[in-house]
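Using the sequences and the hints given, assemble the complete structure.
Listed in order, the protein sequences are those of chains A and B. Read left to right, the first sequence gives residues 1 to 357 (our numbering). Read left to right, the second sequence gives residues 1 to 443 (our numbering).
Since the hints were derived computationally from the structure, they do not count as laboratory data. We treat Cβ as the ideally placed atom computed from N, Cα and C, and that holds for glycine. Among the hints, a few may not be true.
[What the hints assert, rightly or not] With a straight-line cut-off of 25 angstroms between C-alpha atoms, the simulated DMTMM-like cross-links for lysine to aspartate or glutamate are:
no., chain 1, residue 1, chain 2, residue 2
1, A, Lys-45, B, Glu-118
2, B, Lys-83, A, Glu-318
3, A, Lys-45, A, Glu-148
4, B, Lys-83, A, Glu-148
5, B, Lys-164, A, Glu-318
6, B, Lys-57, A, Asp-111
7, B, Lys-243, B, Glu-268
8, B, Lys-57, A, Asp-351
9, A, Lys-349, B, Glu-118
10, A, Lys-45, B, Glu-312
11, B, Lys-83, A, Glu-145
12, B, Lys-57, A, Glu-152
13, B, Lys-356, B, Glu-312
14, B, Lys-432, A, Glu-37
15, B, Lys-394, A, Glu-152
16, B, Lys-164, A, Glu-2
17, B, Lys-83, A, Glu-317
[To be verified] One side of the interface only, derived from the structure: several residues of chain B facing chain A at Cβ under 10 angstroms:
no., residue
18, Gly-78
19, Thr-88
20, Ile-92
21, Gly-100
22, Glu-107
23, Ser-109
24, Ile-433
25, Ile-434
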Amino acid sequence: MEIFWYIIIAIILVMFFILDGYDFGTGIIHLFFAREEKDKEIIAKSAGLFWDSNEVWLVAGGGMLFMAFPTFYASVFSGFYLPLIMVLWLIIFRAIGLEFRSQFPYQMWKDIWDKAFGVSSLLLALFFGMALGNIVRGVNLGGVENGESLYEAHYFFLPLWDSSFSPLSDHPGVIDWFTLIIGLISVVVLAIHGANWVILKTNSSINKKLKTIIFRLNISLVILTIISLAAWKTINPDALDNFVQTPWLMVFPLIYFSGISGLFFIKKLKKDIYGFVLSTMLVLGGITASLASLFPVILPSTNSVNGPLTLFNTATEEYGLSVALGWGIVGFILLFVYMIIQKRLMAGKIDHMDYGH
Amino acid sequence: MEDLLLYDRLQFAFTITFHYIFPQLTMGLSLLIVFFKWRFLRNKKEEYNDAAKFFMKIFAVNFTMGVVTGIPMEFQFGTNWAKFSELTGGIIGQTLAMEGMFSFFLESSFLVLFIFGEKLMGQRLHLLTAFLVFLGSWASGYFILATNAWMQHPVGYEILDNGKFVLENFSSLFSNPWLIPAFLHNQMASVVTSSFVVAGIGAFYVLRNKNVEFGQLFLKTGVAFGLASSLLVAFPTGDWNAKNVAKYQPAAFAAMEGIFETEEAGAEIVLVGQPNMVEKKLDNKIAVPNILSFLTYQDWDTQIPGMDQFEEEELPDNISALYYSYHIMVGLGTIFIGVMSLAGFLLWRRKLHMTKAVLWSLMMLVPFPYIANITGWYVAELGRQPYLVYGLLKTSEGISPTVSAGNTLFTLLGFIGLYILLGLLFLVIVGKIINEGPKKLSH
Ligand code: HDD
Ligand code: HEM
Ligand code: HEM
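If you want it as structure tokens, here you go:
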């Protein structure tokens, strides 16, 4: 039962990063590459039309996590207090940037909200990547000092950084060189994903250029991925054991690597949607591969006093999980149905959609 | 520890108060939008369609604000109230997760379709999208109130040895006797807010002699809905809630009614008075004997326990704020009924659009339903103190064990700054939409 809920929540969160991920990516592309007002407008619109229904996956995922794994929810949300609240603020800026830019016709007004949208998207991509980095690296559960726990074994508190910036220190912070690498990977992946979305949904004048950009970003992604794997192996020598023991889990990293390989052919692809599918594979493969390498742990411990958090020691009891199954499945199907209806009705390029038309 | 608890409470109170400014309008307004759209399909007058689209524009801005301020609410359970989340997540996580799954999705997907899809879908489907937006926002109110109802009056749980609350009976979360009265009252109160907004904009147009045909339409609709909902909010729903508080939270009831000493027989109802916490009495009291007993128990002489009957630790910790919040809510409710009845009467005699004084009052009253709604929530939340889960878990036991007071103060200040900015932007944009008026939409 716990495993079932783990999978459901993982799917919801992966959906969030695929869907809202292209909004973040669109923001990054907007920030660095959109120059003409017309492009800025349609690129912002290609995210603006969808961000709120995409964000629902975050709300649903958060709610599900709260219900099924309350101990994990409580521990992680209070432990990452500062970065999480900052993510909330960034989410607010991102949303108002998108919603308010076209409310007034003044150039200065638009510039302000364009920057708000672009910068907060960039930082969100970075922060979410670092969050994944933190989960993979683990935290000092129980706040152990000299072999004594300061808190109950499933609580911790992370500072933003620790002066060594090293994942190997006794008190790693949220930001260290390892989580930064993962954060950068996330920025690059989502930028590629966003660029594909812009190509798919708009007729912006930079679509051609974006393909070249995707190609270049893809090269840096290969380099970053290799570095991150090496780094991970240094921090945690048995990081890849799960894949050795259960070889079929290799499908997840394979999805990721096929995405990368495919994207090298971005300029030859016949349809724009193929590019988008490939970058979706990057997001999907990247997250699921990380989760698979940890399974059944969901938050490793960096000390030897307290054991890691797993899906078994953080889940609520059986009855709650099983009644939620009934409505959960219905809700889950509805989520997909709404999404499909919406995406079908809004299919095609969005350049000319306007109020009341 | 003391400081930490204080900042945690202030941050929650501040962020939820700000959040609740928006959903109360969206929930009520979505009903009026469905009404306009439905009338348009019946009578084919373009005006009604424009009205629906105009208010959906205001709705959309409000909705964005509701979403961006709502996500911090969901996260704060974990960030600031980790112990509470850990202990009760197995129960309130159910209703909160259902809210995310069933309602927000409905609302946000169909809102986009309403705004961009009229030509695409045809009028009937367009009405359907408006209806689904309405359904989504009311469902979200329902689930969130189910969550709150469980904290006010916990049911269907079992407490394990390690202190965790686990769910024993799922359906009792929804048959909680606290839920239905609170939900109906809350929804009616949000219709009050939206009716005053609609009528207020109408009055503004008529007074400024601009978009007058829309002004008349908004006045008519706003006053009709406003009168009905103002009455319903007081009776039966407000009355029903009061009976619930008397029954399940007697200490809170004594405090909100300002009963310091238990009377021999029937309790009096306090109309005016200021709680004096030192001498434990009401200063400058004006009260009518026996009425409270009658209103609560339909019997003039039933004894109602006063605050002297409870231990100090069982009483809410901010009695004056609770007392004033309650009296402000009920006082405003009475004023709303009065003004809406008068406006309704004038509307019926076809004199409303000429009666300047009433138009001005309708316009100036727009902020007050917001105040009534927020003070109403203060009654509920302050009355629940000192418990987080009534009778079972103290508020002080629910905070995050590892977050320091300094961090919480920092984020509280951050939220205050950010929300002031948001509030200003919101006012500017809604002001612009109102000023442009509905005409612009129909090119
Ligand atoms: C326009 C807003 C408005 C108006 C005019 C009223 N209320 Fe109210 N009231 C609310 C808005 C509200 C609310 C914000 O919606 C609350 C908070 C919790 C809830 O379910 O509804 C509430 C709660 C609430 C409670 C429950 C407190 C608790 O949970 O501990 C009681 C006893 C009343 N109300 C009673 C009344 C009475 C007797 C009214 C007579 C006129 C009245 N309200 C008018
Ligand atoms: C319906 C869903 C709601 C839930 C689940 C909820 C839950 C909570 C929680 C967990 C706290 C912190 C603990 C505490 O201080 O008791 C709190 C406090 C508070 N809430 Fe609510 N709340 C809800 C709605 C509202 C609304 C709509 C308002 C106001 C508009 C509000 C006003 C407050 C205030 C003022 C406090 C601080 C009370 C105090 O600490 O003395 N709440 N609420
Ligand atoms: C502690 C209490 C609360 C929490 C945790 C909370 C949470 C949220 C969240 C996460 C959202 C954004 C959802 C999205 O992405 O679409 C939201 C919006 C919303 N909330 Fe709250 N909320 C609380 C209090 C309330 C209350 C008391 C009500 C009303 C009864 C309410 C009604 C709504 C509605 C209708 C929306 C949809 C957006 C809108 O229409 O403005 N919320 N809330």
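Hints versus structure:
For the suggested pair Lys-45 (chain A) and Glu-118 (chain B), the alpha carbons sit about 18 angstroms apart, so the restraint of at most 25 angstroms is met. Of the pairs offered as hints, the one joining Lys-83 (chain B) and Glu-318 (chain A) holds, with about 21 angstroms between alpha carbons and a cut-off of 25 angstroms not exceeded. Of the supplied pair hints, the one linking Lys-45 (chain A) and Glu-148 (chain A) is violated, its CA atoms being roughly 53 angstroms apart against a limit of 25 angstroms. For the suggested pair Lys-83 (chain B) and Glu-148 (chain A), the alpha carbons sit about 21 angstroms apart, so the restraint of at most 25 angstroms is met.
Between the alpha carbons of Lys-164 (chain B) and Glu-318 (chain A) the distance comes to roughly 14 angstroms, so the proposed pair stays at or under 25 angstroms and holds. Of the pairs offered as hints, the one joining Lys-57 (chain B) and Asp-111 (chain A) holds, with about 23 angstroms between alpha carbons and a cut-off of 25 angstroms not exceeded. Taking the CA atoms of Lys-243 (chain B) and Glu-268 (chain B), the gap is about 16 angstroms. The hint holds against a cut of 25 angstroms. For the hint linking Lys-57 (chain B) to Asp-351 (chain A), the alpha-carbon distance of about 20 angstroms falls within 25 angstroms, and the restraint holds.
Restraint check for Lys-349 (chain A) and Glu-118 (chain B): satisfied, since their Cα atoms lie roughly 18 angstroms apart, inside the 25 angstroms limit. For the given pair, Lys-45 (chain A) sits about 57 angstroms from Glu-312 (chain B) by alpha-carbon distance, which is inconsistent with the 25 angstroms threshold. Distance restraint check for Lys-83 (chain B) and Glu-145 (chain A): the Cα-Cα separation of roughly 22 angstroms lies within the 25 angstroms cut-off, and the hinted pair is therefore satisfied. Between Lys-57 (chain B) and Glu-152 (chain A), the direct Cα distance comes to roughly 49 angstroms. Violation of the 25 angstroms bound is thereby established for this hinted pair.
Taking the CA atoms of Lys-356 (chain B) and Glu-312 (chain B), the gap is about 52 angstroms. The hint is violated against a cut of 25 angstroms. A hinted pair counts as satisfied when its Cα atoms are at most 25 angstroms apart, and Lys-432 (chain B) with Glu-37 (chain A) qualifies at roughly 23 angstroms. Taking the CA atoms of Lys-394 (chain B) and Glu-152 (chain A), the gap is near 19 angstroms; set against the 25 angstroms cutoff, the hint holds. For the hint pairing Lys-164 (chain B) with Glu-2 (chain A), the CA-to-CA distance comes to about 18 angstroms; that is within 25 angstroms, so the pair holds.
In summary, the hint linking Lys-83 (chain B) to Glu-317 (chain A) is supported, as the alpha carbons are separated by about 17 angstroms, within the 25 angstroms threshold. Annotation: Gly-78 (chain B) was flagged as interfacial toward chain A, and the flag holds, the nearest CB pair being 3 angstroms apart, inside 10 angstroms. About 8 angstroms separates the beta-carbon of Thr-88 (chain B) from the nearest beta-carbon of chain A, less than 10 angstroms, and the hint is met. This hint holds: Ile-92 (chain B) has a C-beta 8 angstroms from the nearest C-beta of chain A, less than the 10 angstroms allowed.
With its C-beta approaching chain A no nearer than about 4 angstroms, Gly-100 (chain B) sits inside the 10 angstroms limit, and its interface hint holds. The criterion of a C-beta within 10 angstroms of any C-beta in chain A is met by Glu-107 (chain B), whose closest approach is roughly 9 angstroms, and the hint holds. A hinted interface residue such as Ser-109 (chain B) counts as satisfied when its beta carbon comes closer than 10 angstroms to some beta carbon of chain A; here the least separation is about 5 angstroms, so the hint holds. Because the beta carbon of Ile-433 (chain B) sits about 8 angstroms from the nearest beta carbon in chain A, less than 10 angstroms, this interface hint is met.
With a cut of 10 angstroms, the hint placing Ile-434 (chain B) at the interface with chain A is violated, because the nearest CB-to-CB distance is about 13 angstroms.
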